[in-house]
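Required output: the full structure, derived from the provided sequences and hints.
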Amino acid sequence: MAAAWARGEQITVEELLKQYPELSTEKAVRLVYEEVCLRREAGEQVVTAEVMTRFPQWKDELELLLSCDRLLWPLSRATDFPEVGEQLGPFRLLSELGQGASGKTYLAVEPALADRLVVLKIIPDDQEEHLSLARFQHTHIIPLFSEQTFPDRGLRALCMPYLGGTSLARLLEALAEVPLEQRRGRHLLEALGRVQAGHLPLPASDEGPYRRYLDQASYIQAICWIVACLADALHEAHAHGLVHMDVKPSNVLIAADGLPLLLDFHLARKPIKSGERVADRLGGTPGWMAPEQAAALKAVSLGQPVPEPVNRRADLYPLGLLLCEALCGPGAGIEGASGKPWQHRNSQVSPGLADIVQKCLAVKPAERYLDAATLADDLRRHINDLPLRGVANRSFMERWRKWRRRRPSALARGTAWSFTVLALVVAAAFGYAFYLQHVREAETDLEDGQKLRVEHRFPEAVRILTRGSERASAILAPQHLKEMLDQQLRLAKLGRLATDLHHLADLFRFSYGITPPGGEEARNLVGKVPAIWAKRNLLLKPEGVALDAELEQGIRIDLLELAIVWADLRVRLASKSAVNEALREACRLLDQAKATCGASPALNRERRAYAKALGEIGSFHEPDIPPRTAWEHYDLGRSYLRSGLTSEAAEEFQRTLELRPQDFWPNFYQGLCAYELGHFEDAIAAFRTCIALAPTTAECYYNRARAADALKLTRQAFSDYSRALELDPSLAVAALNRGMLSYKAGRTDDAIADFHRALLARPDSETVGRTHYSLALAHLAKGDRTSALASAQEAVARGYRKAGDLSESLRRGQ
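Going by the working numbering, 809 is the number at position 808 of the sequence shown; the sequence numbering is gapless.
In case anyone wonders, no lab produced these hints; they're calculated from the structure.
The reader is advised that the hints may include incorrect statements.
Now the in silico label distances, taken between C-beta atoms and shown as ranges [to be verified]:
#1 H241 / S644: 50 to 56 Å
#2 P662 / M53: 22 to 28 Å
#3 E174 / M53: 40 to 46 Å
#4 G645 / D507: 48 to 54 Å
#5 A600 / Q480: 41 to 47 Å
#6 L678 / M53: 35 to 41 Å
#7 E174 / P460: 42 to 48 Å
Everything numeric in this text was worked out from a predicted model, so none of it was measured.
Note that beta-carbon positions come from the ideal geometry of N, C-alpha and C, so glycine has one too.
Now the structure itself:
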């Protein structure tokens, strides 16, 4: 392509793909990037979105590559920002409103639409700006009208409405002279008028609902209302799968009519999982980030995986800082974040409101509010003098004052009789309030537990639902509440047990591929099964819980997988004198599995084989069951594989994939069969599919590396072994194989380092022997015969026979 462009023939990737349709994904992506570079060298503007649109089949690969390219592409190119008074497309620029790190903001008019006032954010067209804002239709999120690109000037413009007003940060600065305890909501309106003076006026009626509320509210009520509106906006963003990542006063607009709006979604992104390596942009404002966001930013800067999840709760932390600073002035947020007392700065801040702030500022995300909507609800309950749900109503005096404000005439009694009645009423009200508070706490536990269970966070769900059930029992809560808590608790416990079962079944699937695991590893696997096998009836017939069909089928599949492989390993591990007893135990185990989960083609085949080995084939009368479903073909393939019938197994896995090509395990085992049969290119294709289905599974990269190594694709094999070790540093065989690649390439120091890394992972005895033998070869290549002899002797001691000749040769040479 470069040669053609040098001759003046500007051929495109599409033209080359027509000539070479067999190109792999990696080569095609490289070709796209080469065209991008050639177009830049020719002076063309390259827009990332246009490249993605042309090649949607490689969107993920191109997004990662072009993100890295933007970090390397020179940032010093002069940007041709327009001047005030200039016409840019359909817009005429009136004034410059501000300038940030990524561009400039202008006030403009759109003559074609009756001189509509708009705000234009103009950035270089090679900068990315999150456009998910355009999907939001929420009262408290600034809407995005349109996005336009001006390739001739290298610019992009985001068009938003002009609503007047100013940022919350400037409003708080303008209020600095008014003592905190003397402030009212009207002071916010007065400050808004002063700050807007000199700007282009925007009509704002004093009779508007937002201004009317602020005019009548106390300062505490006004701030709580503003933050509740922002929490509503964040809840909308979170529902669309976005975390804002940059909540702070300067990103909050108080419009001319008093409406609070959340701004600046340029750092917004999807939640980040623990252990994820972030390749795209990640940012935040120092001092306004949750601890887990700051830790993620540091890890990304060091090229490390993110240590803990960054999700919707990360936005609640800066919202708590904002609430703290607005209520008690500059510096209060720092005190609140460090756990120091801060509410003494403003005597109007009640214990309940202080608890709301501190719950937002919890260092552990799990101790904050469950979501932004729950926070907004508590703030509105505080405004309306109602008991709080997210925090304990620990102050009796605060509860009493709220009750009085809700019932201002309750104390207008002047006689002794009235005082007596009032005392009785207060006592009854206090007891009833205490009862209601604990009922609401149990209801909150029910809601939180249900959400956690739906999110498959079963251990947390069990803990919270258990607490709710204990609370409900302690106060004689309504019967329907107790029943719902008990039902959700049973479902959560079942989910936790089913998850444990599935993890164990997957461990067996990874460990027992073509060949059975070694003796020590096999014994460890077998030791994990009895505890969960004893609970099989609890899984399939849980008391008081109706299983849905999909969950029940998944449990049956996992139980059958465990039973069949467990029986196989017990027979393999048995000594010669105990093999008949192991065969009888295997028959009993498979009979239990059939009674619990039903018959299957693989189970009948294995049961017949054990009966035949015992000489009791006549006692087994079950006919062969032809496989019908995708799972039955897969299970039969696994049975063939354990018997060494690799070709027959491959045929069953192929039939499975014809029925369910999207399933991980048949693709994985199809790859193992292809490798065993010498079809290495097919193995690479199968494991490439596995990586797409489970990109964080180290075994997929390890097995693809083995196939690439067999095809002499050394660079790809080395890269895949390295990726496998990043995902699972304890994968000893990956370190051993990567070390052998380095040894063959003459990089003996790298090879020795990888061999030692494999030993530190404490693999099985056979792998230890192979590793010491490989170490002996590497030391010998360096001329260190003493170390080579020691490693060879250690390999012999581990039973690795191949090392015997090398050890003897080195010993004689010495």
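Status of each hint after checking the structure:
Under the hint 50 to 56 Å, the C-beta atoms of H241 and S644, about 51 Å apart, fit the expected range. P662 and M53 have their C-beta atoms about 26 Å apart, which keeps the hinted 22 to 28 Å range intact. For the pair E174 and M53, the beta carbons lie near 42 Å from each other, so the given range of 40 to 46 Å is met. The beta-carbon spacing between G645 and D507, approximately 23 Å, falls outside the hinted interval of 48 to 54 Å.
Between A600 and Q480 the CB atoms are about 43 Å apart, so this pair conforms to the stated range of 41 to 47 Å. A beta carbon spacing of about 39 Å between L678 and M53 agrees with the range 35 to 41 Å that was offered as a hint. Checked against the given bound of 42 to 48 Å, the beta carbons of E174 and P460, roughly 46 Å apart, stay inside it.
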